[in-house]
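Asks: Listed below, chain by chain, are the residues.
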Amino acid sequence: MRLGHRLLLGAALFLPPRLTPRRVRDSRHYRTIDQYRFIGWFLAAPLVVYLVFVVSPFVQAFFYSMTDWTGYTAEYTFTGTANYERMWNDDKFWEALRHSLLLLVFAPLITLSLGLFFAFMLNAGGRRRGGQAVAGVAGTRLYKIFYFFPQVLSIAIIAVIWARIYSPRSGVLNEGLSAVGLDSLRQNDWLGGRFAVWCILAVLCWSFVGFYVVLFSAAMSAIPHEIYEASLLDGATRPVTFFRITLPLSWGTVRTGWIYMGIQALDCFALVSIMVPEHGMDVLPSYLYDKAFRDGQAGYATAIGVALFAVTLLFAGLMMRLARRERIEL
Amino acid sequence: MSRTRGDTRRTEGGVLNVFAHSFLVLWTVLAAGPLIWVLLAAFRPHADIVSDPFGLPGGLHWENFTNAWTTADIGRYTLNSLIILSGSLTGTMLLGAMAAYVIARYEFRGNRAVHLLFTGGLMFPVFLALVPLFFVLDNFGLLNTRQGLILVYIAYSLPFTVFFLVSFFRTLPGAVQEAAVLDGASHSRIFFQIMMPMARPGLISIGIFNFLGQWNQFVLPKVLNIGSPEDAVLPQGLAALMVQQRYEGDWGALYAGVSMAIIPVLVVYVTFQRQVQTGLTAGAVR
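For the record, the sequence lines run as chains A and B. According to the UniProt record's numbering, the residues represented by the first sequence are 1 to 330, in order. According to the UniProt record's numbering, the residues represented by the second sequence are 1 to 286, in order.
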């Protein structure tokens, strides 16, 4: 092929089909060129946006975590592992990590258990009609509408509402405790003291239970009725049915859901940042935010980000491993 | 014999039914209670809320709503959110669908690498990128601008959108596409006029998912949109309103502001509840 012709074919990659010269369009390579041109043009915009705003910050983060950058000026020096050593001896970091891990363990456990329980009740808790092995309760759809609603609300709205509920004066929680005669349980500072992380945990679970009820309901309704009928003929009780049939057959969904909930629990920034008063309880993301945008320690903050990333990866890897089971084909 | 068996079965079902309903109702109260309480308290004067948090409104007091609307600018924040979303949601859907379609339906070198690059973003917490992202935007002069926020929303919605749509495009039949090629339709024409309409259910699901995700986004605007309070998006505005009312001590106005943010969502959700539920959960099942 002559060089000129080759250049022309190359140039066609940047021309819209309409403006491509006849000579190129008749070439036997044109189909390939046309296809690559399409692929290139379609991938270009998404890739550029993604590389500039997602990939490059992530890559930079690992670098900045090894500098003493303040974030206020463009100057920084390379300090190697100094930030990580500082982190190792930083009590506040460990406390934030402890809180994050606590949420990471308990939030999926509580939320998914409640989600499974309610979903099973919705799908198999009803009176049987006409010899059905299992039946859903009446009003399943209505229940789901109510349960799912917190999920569509902005996390900021949820945080504002719950901050008022936990409020020491005229908050619903304290007044409610008084109303039922449990004055001794009133707290002056639900969100400031040692209860703070549990209060956050409760809100986190509250807002996600409905999501899992809907998710698990869908998984459970995909289980064929014949299996339930067979187990019922064998005399299986409801709990047995749940643990031997329902749970194993929705295991894939449970595992994915567990990882998703864990990642939500590791975030939790909006709840903590809106609800908890300043200098109160910290989780990893809120500690990172304070270091970066309040204390001017951008380098150290990214090191905390790397730690958060490590925890996320460890958690996801661990879950994939622990929850690996034989896939049951229906 | 068979009758007794039938009877025990029925009683078991009945007991379980009562048991199930009582728990289900209990959680309904827990889930809806706080929201109903806020909606009711929005109609009560501040003094009443403090003296008796559980009381019912004595009448329809709209003052709280007018206060929240004028002093707290809820309308303005809603408008800001809508403007940002009109750009970011369109962009996310368009760019996400384009990338996903090419990855799902074309063979080319680096196909797997591009797919992995996009879906790999799912494993990275936003907080790791937060600090460098702030300076990336600063360098481009996009900090505290709507365009900047729109681009960032698009970029951070792409991993899941691409992940979801790739698997969706792969399930679509190839025969229609082949027929269109034989008829001489161009690649982009096949995409816009044949594949996009065919992919509508998937696009709606992921569209709802992205809409709610971007509408409720809190951390990105908190870091990247700090120029002037007037440009705040709705979640920022609500957080600011809470801080403000903490000092001014007008809980009625706070609840009215929160109610105004809840009610449109409530209406849209109840109208489209089936699509919203599948849209939000579909991604996790795949």
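Just so you know, the hints here were simulated from the structure itself, not pulled from any lab data. It is possible that some hints are incorrect.
Okay, the calculated beta carbon distance ranges per label pair [as the list claims (entries may be wrong)]:
hint, chain 1, residue 1, chain 2, residue 2, range
1, A, Y84, B, S228, 30 to 40 Å
2, A, R28, B, A179, 37 to 47 Å
3, B, L30, A, Q35, 47 to 57 Å
4, B, R189, A, F63, 37 to 47 Å
Chain A stretches covered by chain B per the calculated footprint, using a threshold of three residues with CB under 8 Å from any CB of chain B [stated by the list, open to error]:
hint, segment
5, 32-39
6, 55-65
7, 194-205
8, 208-221
9, 238-245
10, 259-270
11, 292-303
All residues carry an ideal CB built from backbone N, CA and C; glycine is no exception.
Asks: So which of those numbered hints doesn't the model satisfy?
Replies: 2, 7 and 9
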